[in-house]
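Novice: Protein chains in written order, with the working numbering: chain R, 500 to 827; chain L, 500 to 827.
Worth flagging that the hints you see were computed from the coordinates, not collected in a lab.
Among these hints, one or two may not hold up.
Which copy? The list can't say, so a pair holds if one copy fits it or any two copies do.
Stated by the list, open to error - List time: in silico EDC-like cross-link candidates among lysine to aspartate or glutamate, alpha-carbon distance up to 16 Å:
id	residue 1	residue 2
1	726	739
2	792	556
3	632	659
4	736	712
5	632	651
2 protein chains.
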Amino acid sequence: MIDRQLPYFIGVDLGGTNIHAGIVDSKGAVLARKFVPTLVNEGEDRVVERLCHVIRELMERYPSADFKGIGIGAAGIIDISEGEIVSSPNFPGWRNVPIRDIISSRFCVPVILDNDANAAIFGEQWAGAGIGKRSLIGLTLGTGVGGGIILDGLLWHGSEGMAGEIGHMTIVPDGRRCSCGNRGCLESYASATAIVNRTIESMPRHPENNLLEMAEIENSSELTSEKIFQAALAGNKLAEEIFRETGTYLGLAIGSLINILNPEIFIIGGGASQAWDFFYPAMMDEIKLRALKEPAERIRVVPAKLGNDAGLIGACGLVLRSLGLAPS
Amino acid sequence: MIDRQLPYFIGVDLGGTNIHAGIVDSKGAVLARKFVPTLVNEGEDRVVERLCHVIRELMERYPSADFKGIGIGAAGIIDISEGEIVSSPNFPGWRNVPIRDIISSRFCVPVILDNDANAAIFGEQWAGAGIGKRSLIGLTLGTGVGGGIILDGLLWHGSEGMAGEIGHMTIVPDGRRCSCGNRGCLESYASATAIVNRTIESMPRHPENNLLEMAEIENSSELTSEKIFQAALAGNKLAEEIFRETGTYLGLAIGSLINILNPEIFIIGGGASQAWDFFYPAMMDEIKLRALKEPAERIRVVPAKLGNDAGLIGACGLVLRSLGLAPS
Numbered sequence: 500m501i502d503r504q505l506p507y508f509i510g511v512d513l514g515g516t517n518i519h520a521g522i523v524d525s526k527g528a529v530l531a532r533k534f535v536p537t538l539v540n541e542g543e544d545r546v547v548e549r550l551c552h553v554i555r556e557l558m559e560r561y562p563s564a565d566f567k568g569i570g571i572g573a574a575g576i577i578d579i580s581e582g583e584i585v586s587s588p589n590f591p592g593w594r595n596v597p598i599r600d601i602i603s604s605r606f607c608v609p610v611i612l613d614n615d616a617n618a619a620i621f622g623e624q625w626a627g628a629g630i631g632k633r634s635l636i637g638l639t640l641g642t643g644v645g646g647g648i649i650l651d652g653l654l655w656h657g658s659e660g661m662a663g664e665i666g667h668m669t670i671v672p673d674g675r676r677c678s679c680g681n682r683g684c685l686e687s688y689a690s691a692t693a694i695v696n697r698t699i700e701s702m703p704r705h706p707e708n709n710l711l712e713m714a715e716i717e718n719s720s721e722l723t724s725e726k727i728f729q730a731a732l733a734g735n736k737l738a739e740e741i742f743r744e745t746g747t748y749l750g751l752a753i754g755s756l757i758n759i760l761n762p763e764i765f766i767i768g769g770g771a772s773q774a775w776d777f778f779y780p781a782m783m784d785e786i787k788l789r790a791l792k793e794p795a796e797r798i799r800v801v802p803a804k805l806g807n808d809a810g811l812i813g814a815c816g817l818v819l820r821s822l823g824l825a826p827s
Numbered sequence: 500m501i502d503r504q505l506p507y508f509i510g511v512d513l514g515g516t517n518i519h520a521g522i523v524d525s526k527g528a529v530l531a532r533k534f535v536p537t538l539v540n541e542g543e544d545r546v547v548e549r550l551c552h553v554i555r556e557l558m559e560r561y562p563s564a565d566f567k568g569i570g571i572g573a574a575g576i577i578d579i580s581e582g583e584i585v586s587s588p589n590f591p592g593w594r595n596v597p598i599r600d601i602i603s604s605r606f607c608v609p610v611i612l613d614n615d616a617n618a619a620i621f622g623e624q625w626a627g628a629g630i631g632k633r634s635l636i637g638l639t640l641g642t643g644v645g646g647g648i649i650l651d652g653l654l655w656h657g658s659e660g661m662a663g664e665i666g667h668m669t670i671v672p673d674g675r676r677c678s679c680g681n682r683g684c685l686e687s688y689a690s691a692t693a694i695v696n697r698t699i700e701s702m703p704r705h706p707e708n709n710l711l712e713m714a715e716i717e718n719s720s721e722l723t724s725e726k727i728f729q730a731a732l733a734g735n736k737l738a739e740e741i742f743r744e745t746g747t748y749l750g751l752a753i754g755s756l757i758n759i760l761n762p763e764i765f766i767i768g769g770g771a772s773q774a775w776d777f778f779y780p781a782m783m784d785e786i787k788l789r790a791l792k793e794p795a796e797r798i799r800v801v802p803a804k805l806g807n808d809a810g811l812i813g814a815c816g817l818v819l820r821s822l823g824l825a826p827s
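Just chain R, with the same shape it has in the complex (with noise of 0.2 Å):
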């Protein structure tokens, strides 16, 4: 399974509710997987103990692999160049962590730290669904709305490092609270956060509705996105309902990021867009209202294909990169 003369990669996916670690080879496959909860409150340096524990071993499986890199995707703003987590709402209290340098030296090894959206989009284009495509937006709607901008084949980091912050797009001007201070942000409609929150919301208006049944639980503080998925396959108008806003509300900020950027493709990731099929339609005739006659007509919006290893991909492409391994 292991080719001595292949390199190896180590890509993490670093989030404030989960680790999650493999082994990726020169194409972008993924031969070795480990989760870990990252149990952020108790503390940067246990975080980071657990980090070096999950990377030792990883590599310690298979002795005889050659790794050349290791990739970080981390939740958060990103110093790209100095390689630290400058600041992070998954990791509170955290500033300017140096990260890069202390898995650098722990493990001698080439070490790419980057935003975790970005690692994505760039693992997606990698290897996933956006092969062959050179200008890429990439949304992942899990905890928050993600987002991940590549321009013609580079990740687009902004001149600070900010960019790509498609979450906090305002798309409904005195809408709904966001975390992050703002009202009516991306992030605060389809968000799978934001999906729970509109559906419970909405529930009293619909007392009829039995949701909570067909999703099978008792309680609305039970409620994820992926019961309200499970409620919508089995048929409950409210679901589907939520859903369709859904669409709508990507559709708003897709029509928008259009008619702005002109990229070839966007790819939607993370656990919410498992309910593609129920926001699809919507989002797509909301693209045709809001984007430019010509490309409406000609972009096209996809799943990502590589479900929650994107990100931990597409690190270690950014690390096959680096040292002039490809991807280009």
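The hints should help you fit chain L onto chain R, whose structure is shown.
Specialist: Chain L alone, transformed into the frame defined by chain R:
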């Protein structure tokens, strides 16, 4: 004035109303200008003849100058690689008009054709308000709202040459009807045309207001954004309010653009930008509400410096770059 050792360029801003052309040196200075009406209704051939005539006349003024190329910024959808005006609301009926090759074969020099808003922001970066900046977004508040995006020193044209249509970002989902067919585009709030329309619509709600009198006109059909600016300068409250609201709408769009692209600077030009002092404070307040905290604190939004020359200067800059004569 003309140095036979130096290269010179002809720059043209080809608009639906006027052809604005000039002789530009290799540093972006304009040595001579010519300004004629486009007279679009006379048809494509006559417009092309008039364009050639303007270029020839400028060249004949300085027979000893060594003209190395012609740059043209044109209103509409441009196919950069083919050098064609694909279509344009400003040139009704034009379809894939190969302006670049027509002009190039007439004058036997290299010709670059790009979108007028792209040319304008490139001009500002080369020789105006954006010198030394690598990531810029330009907005032109004219008949419409033009946009141009420069990322890491390069104009971003999009996968099909249709990027930068910032005027057609949706900023109010159920908002004003836009000429593109959508509702709530930035253009339908912040163009000079929209400023006039919003003023006329708000006048019945303020019957006591003497805006027309202060703008020194008799009838609202004579209203222009310049007249409204004049009334604001004279202390008219309604005119001031209209510009304040314009600032809020601009800030709404700019706030999202900061989160998406994290540029260094926004440069705002076009006729309606003369009311800068009236819309700037509301615009910056809205940006602080909408954009993420750190980039919102650092972003610079400045008025364009090159006025009506930005497009023709920038078009020449694009020629210089294509010839390897800088600007980088």
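Novice: Hint by hint, say whether it matches the structure.
Specialist: Here is how each hint holds up against the structure:
When the C-alpha separation of residue 726 and residue 739 is checked against a cutoff of 16 Å, the pair qualifies only within one copy, where the shortest distance is 12 Å, while the shortest distance between copies is 51 Å. In this assembly of identical chains, the alpha carbons of residue 792 and residue 556 never lie at most 16 Å apart, being 52 Å within a copy and 39 Å across copies at closest. For the homomeric pair residue 632 and residue 659, the shortest alpha-carbon distance between copies (13 Å) is at most 16 Å, but the shortest distance inside one copy (25 Å) is not. For the identical chains of this complex, residue 736 and residue 712 are intra-copy neighbours only, at 13 Å inside a copy versus 58 Å across copies, given an alpha-carbon limit of 16 Å.
Taking identical chains as interchangeable, the C-alpha atoms of residue 632 and residue 651 lie at most 16 Å apart only when both belong to the same chain, with a minimum of 9 Å there against 20 Å between chains.
Checked against the numbered hints above, the structure violates only hint 2.
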